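Asker: Listed below, chain by chain, are the residues.
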Amino acid sequence: QQPVQSPQAVILREGEDAVINCSSSKALYSVHWYRQKHGEAPVFLMILLKGGEQKGHEKISASFNEKKQQSSLYLTASQLSYSGTYFCGTVSSASKIIFGSGTRLSIRP
Amino acid sequence: EAEVAQSPRYKITEKSQAVAFWCDPISGHATLYWYRQILGQGPELLVQFQDESVVDDSQLPKDRFSAERLKGVDSTLKIQPAELGDSAMYLCASSSGLAGEVDTQYFGPGTRLTVL
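These protein sequence lines map, in sequence, to chains A and B.
According to the numbering used here, the first sequence is numbered sequentially starting from 1.
According to the numbering used here, the second sequence is numbered sequentially starting from 110.
Since the hints were derived computationally from the structure, they do not count as laboratory data.
Possibly wrong hints are sitting among the right ones.
[As the list claims (entries may be wrong)] A few chain A positions that, by computed beta-carbon distances, are all more than 10 Å from chain B:
1) E16
2) V19
3) I60
4) S72
[Claimed, not checked] Where chain B lies over chain A, by a calculated footprint (3+ residues, C-beta under 8 Å):
5) 42-48
6) 61-67
7) 96-107
[As the list claims (entries may be wrong)] EDC-like mimics (lysine to aspartate or glutamate), calculated; alpha carbons at most 16 Å apart, straight line:
8) K187/B x D172/B
9) K180/B x D160/B
10) K120/B x E192/B
11) K96/A x D195/B
12) K96/A x D165/B
13) K96/A x D212/B
14) K59/A x E14/A
15) K50/A x D212/B
16) K180/B x E161/B
17) K124/B x E192/B
18) K187/B x E177/B
19) K96/A x D172/B
20) K26/A x E66/A
21) K171/B x D195/B
22) K50/A x E66/A
As the structure is a computational prediction, the values presented were derived from the model and not from experiment.
Note that CB positions come from ideal geometry on N, CA and C, so glycine has one too.
All chains, please: the whole structure from these sequences, using the hints.
Answerer: Structure, rendered in structure tokens:
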């Protein structure tokens, strides 16, 4: 079952914050976040494992609520380089990543 | 920094022709994945290898697609015959995870296939 991402697209001005949500109908072992720029390969951002942890990577952080089967990606003080499509990938009992349809983030100067 | 290599980067073919894509994973990575990504969507797993063995090919259209990883290192994905609906980006990824684990996957640059 493909996870649902929201919003589908968001436009920010440089310096603004954004939250991207990912929800699943299945119990999850882990959530993986990737960013893909147009015409390029997805680039790994972070993994969140079962346990409700929160992780950070510079000004990008994420949380994982296993009870709600949801994860959120937080982008703080967005930079132009943050533009791209963000994908969450969920891992449940099938032991493989199923990717959402993505959230397109555009940052304006 | 080690990277996943793929070739060709772009391929244009006519329907009913055969095409093949090549992937060389990061050295030492036992797990190799082939994904198909249609424009505007997330990657969809086609086949997963653990060393030279197929772990999951449940989404691989086996009537026209085949994949191999004979020596457990590089891999080839073939489509024969290609159909218009096969136009997509084909991504290869690798990870160091053991069988049954889902570890960080590192993606190659992909092959953009256009079927005319």
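Asker: Look at each hint and say if it fits the structure.
Answerer: Structure-based check of each hint:
For E16/A, the shortest C-beta to C-beta distance to chain B comes to about 24 Å, beyond the 10 Å cut-off, and the non-interface label holds. Against the 10 Å criterion, V19/A stays outside the reach of chain B, whose nearest CB is about 19 Å from its own CB. For I60/A, the condition that its CB be more than 10 Å from all CB atoms of chain B holds, with the nearest at approximately 16 Å. For S72/A, the shortest C-beta to C-beta distance to chain B comes to about 17 Å, beyond the 10 Å cut-off, and the non-interface label holds.
With 4 residues having a Cβ less than 8 Å from any Cβ of chain B, the region 42-48 of chain A passes the three-residue criterion, so the hint holds. Look at the region 61-67 of chain A against chain B: 0 of its residues bring a Cβ nearer than 8 Å to a Cβ of that chain, fewer than three, so the hint is violated. Look at the region 96-107 of chain A against chain B: 7 of its residues bring a Cβ nearer than 8 Å to a Cβ of that chain, three or more, so the hint holds. A distance of roughly 11 Å separates the Cα atoms of K187/B and D172/B; the hinted pair therefore holds under the 16 Å criterion.
For the hint pairing K180/B with D160/B, the CA-to-CA distance comes to about 8 Å; that is within 16 Å, so the pair holds. Only pairs whose Cα atoms come within 16 Å are accepted, and K120/B paired with E192/B is accepted, the gap being roughly 13 Å. With a CA separation close to 23 Å, the supplied pair K96/A and D195/B exceeds the 16 Å bound. For the given pair, K96/A sits about 9 Å from D165/B by alpha-carbon distance, which is consistent with the 16 Å threshold.
Between the alpha carbons of K96/A and D212/B the distance comes to roughly 9 Å, so the proposed pair stays at or under 16 Å and holds. Using a Cα cut-off of 16 Å, the hinted pair K59/A and E14/A holds, with the two alpha carbons roughly 13 Å apart. Distance restraint check for K50/A and D212/B: the Cα-Cα separation of roughly 13 Å lies within the 16 Å cut-off, and the hinted pair is therefore satisfied. Among the hinted pairs, K180/B with E161/B is consistent with the structure: their alpha-carbon atoms are about 6 Å apart, no more than 16 Å.
Straight-line distance between C-alpha atoms of K124/B and E192/B comes to about 5 Å, which keeps the hinted pair within the 16 Å bound. At most 16 Å may separate the alpha-carbon atoms for a hinted pair to count; K187/B and E177/B meet this at roughly 9 Å. A hinted pair counts as satisfied when its Cα atoms are at most 16 Å apart, and K96/A with D172/B does not qualify at roughly 23 Å. For the suggested pair K26/A and E66/A, the alpha carbons sit about 10 Å apart, so the restraint of at most 16 Å is met.
The straight-line distance between the Cα atoms of K171/B and D195/B is roughly 13 Å, inside the 16 Å bound, and the hint therefore holds. With a CA separation close to 6 Å, the supplied pair K50/A and E66/A stays within the 16 Å bound.
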